[in-house]
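A.B. asks: So you can see what is in the structure, the chains are spelled out below.
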Amino acid sequence: MNIKYKNKMQLEILSKSNNEAFARITVAAFAAQLDPTIEEISDIKTAVSEAVTNSIIHGYENKEGIIKINAYIYDNTIRIEISDQGKGIEDIEIAKQPLYTTKPELERSGMGFTIMENFMDSLKVESVLGMGTKVTMEKKIKEKTTKEEQIQEENFYA
Amino acid sequence: MQIKYLEKDKLLFFSLEEEIDHHTTKDLRRKMDYEIERHMPKKVIFDFNSVSFMDSAGIGLLLGRYKIVNMLGGEVALINVKKSVKKVLDMCGILKLIHIYDDFGMKFNVC
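Protein sequence lines, in the order shown, are assigned to chains A and B. Residue numbers for the first sequence follow our numbering, beginning at 1 and rising by one. Residue numbers for the second sequence follow our numbering, beginning at 159 and rising by one.
Please note that a few of the clues may not be correct.
Claimed, not checked - Straight line, CA to CA, 27 angstroms or less: simulated DSS-like cross-link-like pairs of lysine-lysine: (1) B:200 - A:96; (2) B:200 - B:162; (3) A:124 - B:254; (4) A:103 - B:162; (5) B:245 - B:189; (6) B:244 - A:96; (7) B:225 - B:184; (8) A:8 - A:144.
In case anyone wonders, no lab produced these hints; they're calculated from the structure. Only a predicted model underlies this, so the values are computations on that prediction, with no experimental measurement involved.
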């Protein structure tokens, strides 16, 4: 990342499904310094969970591998990079289509990339067959202005 | 997950208590399918009251159970869905198949 950043974190996890919760909670804790709303934190957790799950199921196909997560804070933005050295994606545009999945037998909904795209401000997917996949997402955390917004966020879980 | 079955109404209840992701759905799927096959319910209710997180794995889980219950002639519904979970459900049109009940407790007098 070329932009000058204020803070950075790096996390390496094995491609085990019980690390999905660990990864999203860790990134959410790192994002907390931007003072996000509960909804923004929830969006980030969901997007990270989708990307990490993709690496486990599709990248490594449930075999053991390493998933790297880098996150950066700059301005009011968090940038999250999640990469694996798995089998890669043949056609990224097709993979990003809503409801598209290569593993319907696992009851995958095919909504992973759609959720990442909608819950974050930007999504970039880079992949080389046989080499791996890197997902880069950014979300700008809005500055809190009015009391009303604060109340709205408090009601998010209600 | 708490499981409750009301024989009189052929109503099967799953009160979910965990965060729902690819990891937790493996176990949930197995337990839910066992109960559905055992009771052949007319209605399956998923109570999301204690669920604060769900990703797209939850959509797959719900759609899968919907297909089975529907095939057996039953219905599926959700109650106590929080906004964070509803946001994920809203993404894919699943709520056209599986409805959210607001006044469920009054209707069935079980909550």
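A.B. asks: Run the structure past the numbered hints and jot down the numbers of the failing ones, going up.
C.D. replies: Violated hints (numbers, rising): 1, 3, 4; every other hint is consistent with the structure.
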